[in-house]
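Asks: Sequence:
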Amino acid sequence: MKVTFLGTGTSQGVPIIGCSCEVCTSSNSKDNRLRTSIHLQSQSTSLVIDTGPDFRQQMLRYNIKSLDGVVFTHEHKDHTSGLDDIRAFNFLQKKKIPLYLTQRVQEAIKMEFSYIFATEKYPGIPEVDLVNIDTQPFFVGDIELIPIKVKHMKLPVLGFRINDFTYITDANSIDDSEKEKIKGTKILVLNALRHEKHPSHYTLQEALELVAELKPEIAYFTHISHQLGLHNNVQRTLPKNIQLAYDGLCIDI
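Under our numbering, residue 253 is the last one in the sequence shown; the count climbs by one each step, no gaps.
Don't read these hints as lab results, they were simulated from the structure. Any given hint could turn out to be false.
In silico DSBU-like pairs for lysine-lysine, Cα to Cα no more than 35 Å straight-line [unchecked claim]: (1) Lys-197 / Lys-77; (2) Lys-181 / Lys-2; (3) Lys-179 / Lys-240.
Build out the structure end to end from the sequences listed, making use of the hints.
Replies: Okay, here's the thing in structure tokens:
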């Protein structure tokens with residue numbers, strides 16, 4: 001199975017209008033990040049986790065021509081607001097796209113995209129099926145996902161384990177019982193927003209400490225703010241088994 005990092009930034013991580021900092025003006029493509037999302041491709045299933053504001057651009061950039069489902073980590077706009085653009089896949093595939101999300105996220109999606117769920121539907125709107133998930137493992141096609149509960153300050157967010165790959169974004173705490181689901185992971189993806197303390201995200205140092213605790217073979221940091229610094233400068237400070245993820249990075253799991 002292949003994982004492609006469609007985006008590794010945040011709304012504070014993409015180039016900011018008017019910002020003249022060294023990251024926002026960098027010519028290194030690894031410093032130019034779209035909003036955080038990944039694509040998983042197995043032999044028979046194409047799956048995206050989160051549809052941020054850059055969803056359409058990401059689908060075009062990485063030539064993703066089919067979509068069997070979208071899994072949502074939580075309801076914040078930088079992870080949901082590109083949902084309208086799944087209509088292109090409705091048109092190409094002639095079918096509804098399943099959305100896998102908790103009941104709380106469903107209610108937020110219904111409010112944000114009320115026209116999708118209207119009784120009298122406008123022609124051409126996105127067509128979706130809502131699939132409720134909670135803490136139980138579930139399948140999208142031939143891909144099994146194990147939900148992992150994390151906290152984004154007080155907001156519940158889901159991470160996911162797929163085989164020996166675990167993906168966690170928008171977190172700043174994980175209960176010990178949920179860490180047990182992560183242990184044994186060979187590849188861990190974790191958010192690392194910046195150096196300074198943040199109320200709802202792991203800092204770089206906090207992410208490093210969690211990696212040391214969980215002991216994956218390799219870790220990738222994502223959901224990166226421009227405040228973290230230049231990709232190459234930060235990478236030089238990290239242990240050999242820890243890398244900053246970047247848009248377009250592909251790994252096999």
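Asks: Compare the structure with each hint and give your call.
Replies: Hints and how they fare:
Proximity of Lys-197 to Lys-77 is assessed by CA-CA distance (about 22 Å); at most 35 Å being required, the pair is judged to hold. As the CA atoms of Lys-181 and Lys-2 are separated by approximately 22 Å, the hinted pair is consistent with the 35 Å bound. For a cut-off of 35 Å, the pair hint linking Lys-179 to Lys-240 stands: about 23 Å separates their Cα positions.
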